[in-house]
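One line per chain: the protein sequences are F and E, in this order.
Mapping the first sequence onto numbering that gives the first Met the number 0, position 365 (from 1) lands on 364, and the numbers just tick up by one.
Mapping the second sequence onto numbering that gives the first Met the number 0, position 57 (from 1) lands on 56, and the numbers just tick up by one.
Warning: the hint list may mix true and false statements.
To be verified - BS3-like, lysine-lysine: derived pairs with alpha carbons at most 30 Å apart:
| hint | chain 1 | residue 1 | chain 2 | residue 2 |
| --- | --- | --- | --- | --- |
| 1 | E | LYS62 | F | LYS343 |
| 2 | F | LYS414 | F | LYS404 |
| 3 | E | LYS62 | F | LYS329 |
To be verified - Distance ranges between label pairs, derived from CB positions:
| hint | chain 1 | residue 1 | chain 2 | residue 2 | range |
| --- | --- | --- | --- | --- | --- |
| 4 | F | GLU100 | E | ARG98 | 51 to 61 Å |
| 5 | F | GLU375 | E | LEU111 | 42 to 52 Å |
| 6 | E | LEU111 | F | PRO275 | 30 to 40 Å |
| 7 | F | PRO194 | E | ARG87 | 46 to 56 Å |
Everything labelled a hint here was simulated from the structure, so no lab data went into it.
From a predicted model like this one, the values you see are computed outputs, not experimental measurements.
Using N, Cα and C, we set each Cβ at its ideal position, and we do this for glycine too.
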Amino acid sequence: MSLLNRLSEIVGPDHVSDGPAERYVYSFDMTENEPCRPAAVVMPVTVAEIQRILRLANAERVPVVPFITGQNVGGLTIPQVEGAIVIDLKRMNRILDVDEEAMYAVIEPGVTFGHMKRYLDLHHPGLRYTYPLAPPFTSVMANALLQGLCDLSTRHGAMANFINGIEAVLPTGEVVRAGSCIMGDDNWFGRFPLPDLIGLFSGWQGMTGIVTKMAVQLWPKPLHVRYAALFTVGEHDTTALLKRLVRTQVLDDADCMSISLVKMLLGVPPPVEVFPDEPQYATLLTVSGNTQREVDAKFEVVEAIVDEAHMSEPRVNLIPWDAVSVLMGKQADSWVDFPSDAFKILTQYDGLTWVGTYIHPARWGEALEGGRRIVEKHGFELMAFLKPMNGMHYGEFKFIVRFPKDPDVVDRVRKCNSELLDFALDLKAIPYKTPVWAAQRLLSKCHPGFVELLRRVKKALDPNGIMNPRRYSL
Amino acid sequence: MAVRLVRVAAELPGDFIGAILYSMLQPQLESAGITRGKRSSRLTVVIETEYYPVTLEFGDVLKIRRGAEQRPTLRVTTTLQTVVDIARHRISPVGAFLRGRIKIRGLLCHPLAARRFLALFLSSLGRGLP
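My request is simple: use the sequences and hints to build the entire structure.
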């Protein structure tokens with residue numbers, strides 16, 4: 000019996016295909032990374048089906064690539080070898096539980112940020128999750144496993160920090176658990192005090208198994224929220240001011256971006272240029288509290304710091320949101336919604352990519368300045384995005400490039416990204432959502448003991464190397 | 000001098016201050032409340048802030064461009080913070096003028112043009128002339 004027929008026996012004939020259309024659709028994403036067609040696509044809906052698929056793949060040594068919505072902007076779901084099966088998990092889209100008291104949700108892989116928001120607003124209006132720099136149809140689980148960022152990352156760090164526990168199917172077919180859920184369901188309150196085995200799956204880009212359930216932390220929805228826009232100039236001055244502001248711990252979020260991105264929101268058509276003496280960076284600051292008085296007090300802290308910066312540089316300006324709404328009209332709402340609304344400007348062309356890293360705060364400004372010069376040198380629009388992370392324990396920056404997928408432009412994009420990555424690695428930044436070429440560079444420069452540990456863990460969990468082979472250059 | 004203020008701006012400028020001014024003024028220009036004068040006349044206004052000057056050229060269409068026209072009808076010097084304070088009713092337009100936070104050159108030579116431009120500009124901030 001052919002592999003396709005055996006897969007069809009597991010999931011039913013409507014949920015498996017080796018047709019050219021499906022193979023094409025799953026062969027690429029929006030990035031510049033080389034496409035590769037899978038042999039087939041299969042869409043399970045239960046944990047048992049995933050177990051049977053992985054046992055079959057393991058026995059037949061068939062490579063598998065997990066996929067949910069393909070919004071990772073890293074080429075992470077493009078097969079790296081011929082003959083792979085893509086396991087598309089988007090049919091598994093149930094929110095299995097929301098625990099009001101311990102504030103978590105247990106979800107399946109196909110649950111998106113849009114699903115989560117709608118469900119919480121309807122059934123648990125006092126709780127919220129977050130939103131990423133991605134559209135609402137992005138998978139919550141994928142974003143957490145890929146250690147992405149969100150609108151609570153300035154306060155709480157990368158989204159992997161929000162994971163309380165997981166259930167996963169190993170490449171050999173066994174179901175395993177990590178976190179407090181090892182004591183049974185309705186007990187997904189946290190990861191400690193235990194060996195932190197979430198790390199066997201978080202950040203692994205689907206190389207160690209398929210996560211089938213995950214508990215993510217929820218947060219009380221703030222009663223009072225205030226936004227403001229901060230305009231700044233210069234990479235070093237901008238990051239220095241953000242560091243001062245975030246270290247006060249009064250901010251919920253600080254979303255800083257090149258002024259070009261704000262101009263795009265205002266409707267400036269491409270290519271969006273940069274002009275001398277413009278404010279170079281715009282940051283959306285979010286402050287919340289249980290009372291208006293609490294919010295006001297926090298905002299005073301912010302104002303005092305910005306006022307001081309304004310004295311030495313008049314182009315540093317803090318604009319309260321009621322005034323931003325007057326100045327920008329309806330587009331002000333787009334700015335607040337920017338992370339989830341970004342696609343309307345980022346998908347101007349068929350290509351979208353970035354090099355993004357987490358970095359030591361001391362080298363944040365230097366990274367941003369050097370990155371800007373590289374992007375300018377290669378002639379792309381300046382679309383930097385940076386975020387103070389985890390209470391300012393580290394910083395994030397990325398340079399986004401939107402581009403038409405013409406061969407010569409793709410070649411320029413590759414050169415630009417390559418240069419950006421080398422520059423970032425020289426500053427000891429850690430790239431995230433790394434495509435294979437970027438992971439290869441990282442591993443060539445990092446401590447060899449880390450690479451050895453990666454290989455051993457991978458071998459232990461996936462002895463036949465079926466899970467996303469060659470991913471992360473392993 | 001009769002001044003005709005047009006309804007539709009031609010093109011969104013590519014610079015930040017110009018784009019903000021476009022965003023503020025366009026809804027006002029598109030509203031039915033903008034009156035037309037007896038004859039067409041070219042009105043140029045330079046707005047200088049702490050960032051860079053922008054020239055507004057009112058003709059058949061409004062053109063907003065980066066940089067300062069050498070001989071504008073009006074030259075308005077202010078700061079972003081003053082504009083924000085007016086929009087937030089922290090200061091009145093007259094108060095800002097009297098305290099020197101807004102300076103207007105050409106006011107005496109072109110009082111009608113100044114009045115019409117200020118009416119447009121202040122209405123875009125949700126404020127009116129006194």
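With respect to the beta-carbon atoms only, verify the hint that F:GLU100 and E:ARG98 lie 51 to 61 Å apart.
holds, 56 Å
When you check the alpha-carbon spacing of F:LYS414 and F:LYS404, does it fall within 30 Å?
holds, 14 Å
Consistency of beta-carbon spacing, E:ARG87 to F:PRO194, with hint 46 to 56 Å
holds, 54 Å
Do the alpha carbons of E:LYS62 and F:LYS343 lie within 30 Å of each other, as the hint requires?
Judged against 30 Å, a Cα distance of about 27 Å means the pair holds.
Does the beta carbon distance between E:LEU111 and F:PRO275 stay inside 30 to 40 Å, or does it fall outside?
holds, 35 Å
Measure nothing beyond the straight line between the CA atoms of E:LYS62 and F:LYS329; if it is 30 Å or shorter, mark the hint as holding.
holds, 22 Å
Given the hint of 42 to 52 Å, check if F:GLU375 and E:LEU111 actually sit that far apart at their C-beta atoms.
holds, 46 Å
The structure meets every hint from the earlier list without exception.
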